[in-house]
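Colleague: Using the sequences and the accompanying hints, generate a full structural model.
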Amino acid sequence: MKKAILLIAFLLSFSALMYSQETKKSACLTSGKWRIESLKIGEEKEDLSNCKNSWMVFEKDGNYQLVIRKTEKKGQWKLLEDKKIIKFENEGDDTDGFQILKLNDKELLFSTKENDVVYTMTLKK
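Under the working numbering, read the sequence shown as residues 67 to 191, first letter to last.
These aren't lab readings, by the way, just hints derived from the structure by calculation.
Careful: at least some of the hints might be erroneous.
Claimed, not checked - List time: in silico DSSO-like cross-link candidates among lysine-lysine, alpha-carbon distance up to 27 Å:
id, residue 1, residue 2
1, Lys150, Lys179
2, Lys118, Lys190
3, Lys150, Lys106
4, Lys190, Lys90
5, Lys150, Lys99
6, Lys168, Lys90
Stated by the list, open to error - Simulated DEER-style distance windows between Cβ atoms:
id, residue 1, residue 2, range
7, Asn116, Lys144, 14 to 22 Å
8, Lys190, Ile107, 28 to 36 Å
9, Lys190, Lys90, 15 to 23 Å
10, Lys90, Lys136, 32 to 40 Å
11, Lys106, Lys153, 15 to 23 Å
12, Glu138, Tyr185, 13 to 21 Å
No residue lacks a Cβ here, since even glycine has one placed at the ideal position from N, Cα and C.
Modeller: Have a look at this one:
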């Protein structure tokens with residue numbers, strides 16, 4: 067009986083820990099405006115760190131807004147269950163997931179691959 071109680075307590079604490087990690091990642095994403103530092107397509111890298119008109123916002127309601135210079139995109143975003151993939155939907159087009167390579171309160175780095183071309187975006191607070 068003691069083992070069963072210990073197992074249940076362990077599982078409950080593990081579930082609480084996993085939930086708090088989910089909440090932290092989502093809260094980190096939605097914590098304000100992210101400045102786009104760089105955009106890399108294949109081997110070409112564009113430095114946007116000095117561009118004030120390049121930013122991204124993740125809203126808590128699942129909407130996002132992306133501005134790169136004068137180009138603006140709006141749509142829906144979703145953090146998948148494993149919490150390492152962000153999916154974007156823009157005007158009905160559902161994109162493949164972007165793998166989160168780094169996420170903390172100061173930096174977000176995500177990447178995807180399409181037709182052997184790797185797309186990587188670096189954002190900072």
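Colleague: Which numbered conditions among the earlier hints are violated in the structure presented, ordered from lowest to highest?
Modeller: 7, 8
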